[in-house]
Amino acid sequence: MATPSPRNWIPAAILSSPLHPMMSRRSLLLSFTGRRSGVRYVTPVNYLQRDRELLITTRSGWWRNFDGGGPVELRLRGRRVAAVAEAVREPTVVAEALTALVRDHRAYGRWARVRVGADGTPDTADVHAAIASGRVLVRVLLDGETITP
Numbered sequence: 411m412a413t414p415s416p417r418n419w420i421p422a423a424i425l426s427s428p429l430h431p432m433m434s435r436r437s438l439l440l441s442f443t444g445r446r447s448g449v450r451y452v453t454p455v456n457y458l459q460r461d462r463e464l465l466i467t468t469r470s471g472w473w474r475n476f477d478g479g480g481p482v483e484l485r486l487r488g489r490r491v492a493a494v495a496e497a498v499r500e501p502t503v504v505a506e507a508l509t510a511l512v513r514d515h516r517a518y519g520r521w522a523r524v525r526v527g528a529d530g531t532p533d534t535a536d537v538h539a540a541i542a543s544g545r546v547l548v549r550v551l552l553d554g555e556t557i558t559p
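Sequential numbering of the sequence shown, starting at 411, is according to the working numbering.
Among these hints, one or two may not hold up.
[To be verified] Pair ranges (Cβ atoms, derived):
| no. | residue 1 | residue 2 | range |
| --- | --- | --- | --- |
| 1 | S543 | G478 | 40 to 48 angstroms |
| 2 | R469 | S447 | 18 to 26 angstroms |
| 3 | G478 | P501 | 12 to 20 angstroms |
To be clear, the hints were calculated from the coordinates, so they are not data collected in a lab. A quick note: this is a predicted structure, and the numbers were derived from the prediction, not measured. For glycine and all other residues, C-beta sits at the position ideal for the given N, C-alpha and C.
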């Protein structure tokens, strides 16, 4: 697997180790090859799983590698898994995913700059502001193939 950027070394090390249960309920390692650069990237991300679909939102530019879809390798709950990722920019779809992520993981709201009400409901205006500032959804479809470590 490629080396993550320095700011991601600690989360990547934990997610790649037997200590992964500390983080892997809500975080995974996403590995992919840049479309134009050909460079292999690894980044830890927060996710929400819905059956065979993982929802990830980001403002980082790496999502462009999945405009139109592309293969990824995940380190998901300690296992290497092959999958396909697709960037989604449709505001209503991104809003629904971001709202679900923040509702499931309130601390994620701090990263995404989405406040959460006392009842646990993410602030709708903050969700729309996050999308307006460039937050997109990366939808990952698991194909069920586990890669031998």
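R469 versus S447 beta-carbon gap, inside 18 to 26 angstroms or not | Taking Cβ atoms as reference, R469 and S447 lie about 20 angstroms apart, which means the hint holds.
With respect to the beta-carbon atoms only, verify the hint that S543 and G478 lie 40 to 48 angstroms apart.
-> violated (23 angstroms)
Could you check the hint for me, namely that G478 and P501 are 12 to 20 angstroms apart, CB to CB?
-> Taking Cβ atoms as reference, G478 and P501 lie about 19 angstroms apart, which means the hint holds.
The structure shown violates just one earlier hint, number 1.
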